[in-house]
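**Student:** The primary structure of each chain is shown beneath.
2 protein chains.
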Amino acid sequence: MEKPTADVTLYLVTDSTGFLEEDFLARVEKACRGGITLLQLREKERSGREYFRLALKVKEIANRYHIPLLIDDRVDIAFAAGADGVHVGQSDLPVKEARRLLGPHKIIGATAKTVPQALEAQEQGADYLGVGAIFPTTTKVVTILTPVETLNQICRAVSIPVAAIGGLNAQNLSILQNSPISGVSVVSAIIKQEDPEKAARELKKAVLSLPERRHMP
Amino acid sequence: MEKPTADVTLYLVTDSTGFLEEDFLARVEKACRGGITLLQLREKERSGREYFRLALKVKEIANRYHIPLLIDDRVDIAFAAGADGVHVGQSDLPVKEARRLLGPHKIIGATAKTVPQALEAQEQGADYLGVGAIFPTTTKVVTILTPVETLNQICRAVSIPVAAIGGLNAQNLSILQNSPISGVSVVSAIIKQEDPEKAARELKKAVLSLPERRHMP
Chain A
1 MEKPTADVTL YLVTDSTGFL EEDFLARVEK ACRGGITLLQ LREKERSGRE
51 YFRLALKVKE IANRYHIPLL IDDRVDIAFA AGADGVHVGQ SDLPVKEARR
101 LLGPHKIIGA TAKTVPQALE AQEQGADYLG VGAIFPTTTK VVTILTPVET
151 LNQICRAVSI PVAAIGGLNA QNLSILQNSP ISGVSVVSAI IKQEDPEKAA
201 RELKKAVLSL PERRHMP
Chain B
218 MEKPTADVTL YLVTDSTGFL EEDFLARVEK ACRGGITLLQ LREKERSGRE
268 YFRLALKVKE IANRYHIPLL IDDRVDIAFA AGADGVHVGQ SDLPVKEARR
318 LLGPHKIIGA TAKTVPQALE AQEQGADYLG VGAIFPTTTK VVTILTPVET
368 LNQICRAVSI PVAAIGGLNA QNLSILQNSP ISGVSVVSAI IKQEDPEKAA
418 RELKKAVLSL PERRHMP
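Protein chains in written order, with my numbering: chain A, 1 to 217; chain B, 218 to 434.
FYI, nobody ran anything at the bench for these hints, they're computed from the structure. Here the structure is a predicted model, which is why all the values come from computation and not from measurement. Check before you lean on any hint, since a few could be wrong.
30 Å max Cα-Cα, derived DSS-like pairs, lysine-lysine [as the list claims (entries may be wrong)]:
#1 K44(A) to K330(B)
#2 K44(A) to K357(B)
#3 K57(A) to K330(B)
#4 K276(B) to K96(A)
#5 K422(B) to K313(B)
#6 K313(B) to K44(A)
#7 K261(B) to K44(A)
#8 K96(A) to K274(B)
#9 K357(B) to K140(A)
#10 K276(B) to K57(A)
#11 K421(B) to K113(A)
If you want the footprint, here are the derived chain B segments under chain A, 3+ residues with CB under 8 Å [stated by the list, open to error]:
#12 261–271
#13 279–292
#14 422–431
Beta carbons are placed, not taken as given, at the ideal position from N, Cα and C, and that holds for glycine.
Given these sequences and hints, build the entire structure.
**Tutor:** Pasting the structure below:
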């Protein structure tokens, strides 16, 4: 059993809030066709059973496109739904515990806002980091933005891939011109667009054009 | 590794809402001294990390009194905190999934409101059932009460222990006079009393006096 690759080049985090389920699943599929490289299901408002049920459906889509699926926060639902791993934030289970539960063959991503947090997550076994928020976002309450300079310091401090997160889109991506990130993680810039497939394709092009981008792993 | 016994005679479900942590933990300890036989940590409002952190502290207390600790809903936190199992409601992970994740040596309890739900939970591997709410309760939104007659039917339909839940206390327990339950599960009647140890002791006496009580397992 080999661990799937955490390619964060174009990393879609989902938010089904406000969509009918059918529409939401169609949008996820379009994003897959548009070239996303990693997918995270994040459902903060759903019950465990609903989260699990939706995870099974999203996993089916992700499988068809060979895109690894991660579950936000809940290691148990990741296991139950046969997902490829989890993403844990600073208020979720510690990376160390998630790694202990999931074993070495699953992907674990972590959110970091500072160099010490980034180093700790890497040390505890994270496979990649989500760092931000670079810009304010409508999908999460952001109390403090992460300066690009901090993002860059984190990229240089760790040896695992770093995805920039928070309010990024094809228009404002130039702010990461000089950042040695490996990719970007978005919600709205893909899932909430009229044509998620086109949005993903354009954003991916923009990410791949970033001159300092580090291709990892 | 032997499975701990799910003795539901006096089953305390905790609710730390409104208590300072130190006070809350002291109350849990007093309840242990008062003779509770099973303990469930239920924290619907906390983040995963906070839930985990509190579970570790409660587990320490439960260990001292040799009382099994169950975690509400989150199988991952149960694992991470070294708890003895989980309790799952109708909106949590299905019993079947919880059993698949936890293996045969952990306790799994389930909530049931009807005979079909009770039979399904038993079939999927539940070790005991919580059935109710018998009375309205302040610690959960109850949309429908479970008649004592239904509770009794469930007790007769399954071979696993049944705990009656919902607004029960030493004063109104006589309603279960003719019920073949194995015990009662309470929150407020112990944890919110001025003296949780005394409250537990008195309630246990009342439970043990129920003439039709089934001693199980």
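**Student:** State for each hint whether it applies.
**Tutor:** Going down the list of hints, with the structure as the test:
no.	hint	verdict
1	K44(A) to K330(B)	26 Å, holds
2	K44(A) to K357(B)	20 Å, holds
3	K57(A) to K330(B)	28 Å, holds
4	K276(B) to K96(A)	19 Å, holds
5	K422(B) to K313(B)	35 Å, violated
6	K313(B) to K44(A)	23 Å, holds
7	K261(B) to K44(A)	12 Å, holds
8	K96(A) to K274(B)	18 Å, holds
9	K357(B) to K140(A)	27 Å, holds
10	K276(B) to K57(A)	35 Å, violated
11	K421(B) to K113(A)	50 Å, violated
12	261–271	holds (count 5)
13	279–292	holds (count 3)
14	422–431	violated (count 0)
In terms of the numbered hints stated before, the structure departs from hints 5, 10, 11 and 14, listed from lowest to highest.
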